[in-house]
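Protein chains in written order, with full-length UniProt numbering: chain A, 1 to 286; chain B, 1 to 286; chain C, 1 to 286; chain D, 1 to 286.
Derived from the structure by calculation, the hints contain no laboratory data.
Incorrect hints may have been included.
Claimed, not checked - Subject to a maximum C-alpha distance of 16 Å in a straight line, what follows is the list of computed EDC-like cross-link-like pairs (lysine to aspartate or glutamate):
1. D:Lys61 x A:Asp251
2. D:Lys60 x A:Glu262
3. A:Lys155 x B:Asp49
4. D:Lys176 x D:Asp139
5. D:Lys17 x A:Asp209
6. B:Lys195 x C:Glu102
7. D:Lys7 x A:Glu268
8. A:Lys89 x A:Glu24
9. C:Lys21 x B:Glu262
Stated by the list, open to error - Incomplete in silico selection of chain B near chain D, CB under 10 Å:
10. His158
11. Leu255
12. Gly256
13. Glu268
14. Thr269
By construction, the Cβ of each residue, glycine as well, lies at the ideal position given by its N, Cα and C atoms.
Protein chains: 4
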Amino acid sequence: YGKNTIKFLRLHREGQKHIVKEVEVCTHLRLASAQEYLDGNNSLVIPTDTIKNIVLVLAKKNGIPTLEQFAIDICKHFMTTFCQVVYVKTYIQEVPWQRLHENGVPHIHSFICVPDGIRFCEAEQCRNGPLVVFAGIKDLKLMKTTQSGFEGFFKNEHTTLPERHDRILCGELFCKWSYGECRDFDFDCIWYMNKIRECILEAFSGPPDCGEYSPSYQKTVNSIQMSVLSKVSQVQVIETVLNNTFYNVVDMKNLGLTNDKEVLVPVETPYGSCACTLGRKKFLEA
Amino acid sequence: YGKNTIKFLRLHREGQKHIVKEVEVCTHLRLASAQEYLDGNNSLVIPTDTIKNIVLVLAKKNGIPTLEQFAIDICKHFMTTFCQVVYVKTYIQEVPWQRLHENGVPHIHSFICVPDGIRFCEAEQCRNGPLVVFAGIKDLKLMKTTQSGFEGFFKNEHTTLPERHDRILCGELFCKWSYGECRDFDFDCIWYMNKIRECILEAFSGPPDCGEYSPSYQKTVNSIQMSVLSKVSQVQVIETVLNNTFYNVVDMKNLGLTNDKEVLVPVETPYGSCACTLGRKKFLEA
Amino acid sequence: YGKNTIKFLRLHREGQKHIVKEVEVCTHLRLASAQEYLDGNNSLVIPTDTIKNIVLVLAKKNGIPTLEQFAIDICKHFMTTFCQVVYVKTYIQEVPWQRLHENGVPHIHSFICVPDGIRFCEAEQCRNGPLVVFAGIKDLKLMKTTQSGFEGFFKNEHTTLPERHDRILCGELFCKWSYGECRDFDFDCIWYMNKIRECILEAFSGPPDCGEYSPSYQKTVNSIQMSVLSKVSQVQVIETVLNNTFYNVVDMKNLGLTNDKEVLVPVETPYGSCACTLGRKKFLEA
Amino acid sequence: YGKNTIKFLRLHREGQKHIVKEVEVCTHLRLASAQEYLDGNNSLVIPTDTIKNIVLVLAKKNGIPTLEQFAIDICKHFMTTFCQVVYVKTYIQEVPWQRLHENGVPHIHSFICVPDGIRFCEAEQCRNGPLVVFAGIKDLKLMKTTQSGFEGFFKNEHTTLPERHDRILCGELFCKWSYGECRDFDFDCIWYMNKIRECILEAFSGPPDCGEYSPSYQKTVNSIQMSVLSKVSQVQVIETVLNNTFYNVVDMKNLGLTNDKEVLVPVETPYGSCACTLGRKKFLEA
Chain A
1 YGKNTIKFLR LHREGQKHIV KEVEVCTHLR LASAQEYLDG NNSLVIPTDT IKNIVLVLAK
61 KNGIPTLEQF AIDICKHFMT TFCQVVYVKT YIQEVPWQRL HENGVPHIHS FICVPDGIRF
121 CEAEQCRNGP LVVFAGIKDL KLMKTTQSGF EGFFKNEHTT LPERHDRILC GELFCKWSYG
181 ECRDFDFDCI WYMNKIRECI LEAFSGPPDC GEYSPSYQKT VNSIQMSVLS KVSQVQVIET
241 VLNNTFYNVV DMKNLGLTND KEVLVPVETP YGSCACTLGR KKFLEA
Chain B
1 YGKNTIKFLR LHREGQKHIV KEVEVCTHLR LASAQEYLDG NNSLVIPTDT IKNIVLVLAK
61 KNGIPTLEQF AIDICKHFMT TFCQVVYVKT YIQEVPWQRL HENGVPHIHS FICVPDGIRF
121 CEAEQCRNGP LVVFAGIKDL KLMKTTQSGF EGFFKNEHTT LPERHDRILC GELFCKWSYG
181 ECRDFDFDCI WYMNKIRECI LEAFSGPPDC GEYSPSYQKT VNSIQMSVLS KVSQVQVIET
241 VLNNTFYNVV DMKNLGLTND KEVLVPVETP YGSCACTLGR KKFLEA
Chain C
1 YGKNTIKFLR LHREGQKHIV KEVEVCTHLR LASAQEYLDG NNSLVIPTDT IKNIVLVLAK
61 KNGIPTLEQF AIDICKHFMT TFCQVVYVKT YIQEVPWQRL HENGVPHIHS FICVPDGIRF
121 CEAEQCRNGP LVVFAGIKDL KLMKTTQSGF EGFFKNEHTT LPERHDRILC GELFCKWSYG
181 ECRDFDFDCI WYMNKIRECI LEAFSGPPDC GEYSPSYQKT VNSIQMSVLS KVSQVQVIET
241 VLNNTFYNVV DMKNLGLTND KEVLVPVETP YGSCACTLGR KKFLEA
Chain D
1 YGKNTIKFLR LHREGQKHIV KEVEVCTHLR LASAQEYLDG NNSLVIPTDT IKNIVLVLAK
61 KNGIPTLEQF AIDICKHFMT TFCQVVYVKT YIQEVPWQRL HENGVPHIHS FICVPDGIRF
121 CEAEQCRNGP LVVFAGIKDL KLMKTTQSGF EGFFKNEHTT LPERHDRILC GELFCKWSYG
181 ECRDFDFDCI WYMNKIRECI LEAFSGPPDC GEYSPSYQKT VNSIQMSVLS KVSQVQVIET
241 VLNNTFYNVV DMKNLGLTND KEVLVPVETP YGSCACTLGR KKFLEA
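This is chain A alone, in the form it adopts within the complex:
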């Protein structure tokens, strides 16, 4: 049990300059006993209202140095404070506020919401087990209008899809990776120094002047994963889901026109999905 979508904004002031961090936190606990389920005995139950208070108090006291560190702080607090807690998990996602700029000058206290990929993290711990930290990015909508095809696939009497060597590849990307057992990382440093977001975008797009041919969604997912694993040594395992929107070239023959992939209609349902988890020295596909 737990509390979901604890939303709050942590405002930090450096002189006149304001720094904002708005987050949504979900914290879930498992207790040593199940007497509240069986007997209605609540004596060990930490109310979800108290969970919320603790999250807000920790934000007030520690601030949010990084999403990951804040998730670690929350997990540690529950494990050390409450002996009846046998498992704790905390998920945090960020509201994508960006500082406004006027003619290149950053504004000291004005922000705009730019949801082009949402950063999130997760920390979890079993009593007597390691504290494991995950991070990721989701809701990243990308498109390439060529250098994508799908050919040579398995065919039988239920196959109607034609082979294509030049199609639009469009999808919403979810990437989540594990940093393994919690160590003394500066998580924002890993994110920015390794340019993880840029790394994902480049693996999707290929070189800016020519792109790179994608023979399938699967291969693109693998390229993204290989790229992150090779560039970011702290990443142990990476899970990626690509939900793709197919773009259908409108047949205009009946309207007396030849449509050379100029007008395309997005097919939102059903949508294909391709998920894969890739680790170092092992490979799992789901």
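Once you have looked at the hints, place chains B, C and D on chain A.
For chains B, C and D alone, coordinates are given in the frame of chain A:
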């Protein structure tokens, strides 16, 4: 990988009378090899477009006798037809069309959408493993305006929640149960003969003339699970999630009024969540 | 300016029996002066927080006898209390809680949310003008699987739609009508005695044993309006919008099958929309 | 009646470089006669499927030079082609694809969806009347963490809001302006040369080094409108709606802490709304 939200309507005619079943199907596969991820070799990949075609063809040929039987049909088709498939999972949910009635007379071809709980099911199979069938109901929004409290809980310096013995209990219920290894069940018969939905509603509400006191969300979840397990012998394990909306009694002292739990405001975020999985002879809490 | 989505639940107790009314209220005002826009002078501005308080206080004091009466109470309060208000509009919609029944016996305090059409109302008044009351139902999703066609329409070189005399008619209905200048109506009595909802459903469906042929969405909209106007003498004008979902018969020729309107796929975007406003002795089409 | 959310992507190639424009179009018509409503006579009805075809054909033939020009093209086509059409309105909004950059180099065919404000336009025409063009931006979420207050407002017994001279101002902005009767404008040139978006952001934020004090949402709305009207001579009238999210400073006294506006919780419902329409030499407030 797979295809999500394959939406279609299956229309069945019995003379003048029309019977509709509109569903959303998600089918996911795992293949024996990962060469499409590593080498871009698609030769074993069944396109998600073909998955969609197969689902529609099976609906055309077999109809949808029950959601569960249709999910089983789909899984069996993939396992028997494609030797490269090592795992298949199919999820189906129903659009809640209900036949219209005029003065008690059922209409032969008119329907209304009544989303007061959505039936769904899932079937999954690993190659050489059993075909396991799940069923459930979700998005069931229930409220009781008394006979609910929360007292005697764990308190420390972060506790601000007062004890209450008369509060509103309101939540969205998700129940999913396993029928275990697939046998020759008539799944709609189990559903209707055992009145599973009614059983859940009664366990939530208590007797119509007085209700039954709920000391916590946890105990209510347990009552629902115990009730389903005791009434429906085919159910092996039941998982229940109750996401609750708290109703805050508006403090009207500053407005010169005494609000005796007459005007309450729903608090939608953050929301508490309480999940439990209960099986026969074993008990797991999450 | 104003306050939107003021959500609250009004609980009324008759002995052991509980009666709930949960609503969403939006109240908008226009003031006599615009000095707060021009000069930043707020001296006449009623804060939206105060608007919220007033709505809650009126609910506490008067209860919610009917949605319409409560909207009238709110408008009257603002007009009589604040001389700087020159216009007030209040929209209210209801959360569709229904009392639970166990074996036909109504439960005294348990409810289920059944969103099969949402009742709403609106009241508005200009200073020195009449208080006008509207009511309606929205989000009503209906389907008839035959007795619908579309033929004889205008054709030119851009027409590819075939004529059809047997198609599925499915749509989401919005109906809003005016009761004209506010009089001493019992609005729930009008609603239930005249069976307005049933009247709309019957006009859509036709007789239960055979239905009634619809030659177009437009004609169905008109039938609904004519029916409400003829049965409910208090209704002055009725506006109706039907947003229709087209169901496409899947072409299975390539899959070696003949699909006799058995498997159909809903086309959710783009969707057609048909809106019409019909009054007594006059006719307006939009 | 008409067709809503006609979604499509128009792909334009300049050598290797790809330019994408993905839009959602809604086109509504009113016909000279109402016989399809009254008699079921469809002979003048242009099917919504044909409306869709026409929009796609125009996109294929003309491309989408600007959103506004494309809306004008659509309106003109219906007015000149169909004498039974007495009114046509077209609304278009853009999917916010942005070209990806790698180390500052623009990618020739890769894009990311960045929904930080959605551009839209509208064109409408009555037969024998002028073609009027509107443009705007919506879903623009902005925040300033200081330089905002609300004081000196009207108070009575229902007022509980305290005066504040330092609060967070956060809201979602909608701006729509009229270019008046259609002339031979280059609409993208107006947009980019006048930096309309930047102009709105600056009026909201004030100078980057100190901001500008906002005494109310109303005054901020007026500042935005005055700024657009003064900088963009082609704009005749501007309508602005600001839906604001209130941030509540969490009271931590019971938790033994002093919260100096460091931890704030967003209140999403109810939300205040402030709308104003401002024209040249005249002033209308709604």
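Tell me the numbers of any earlier hints that the structure contravenes, in ascending order. Checked against the structure, no hint fails, so every one of them is satisfied.
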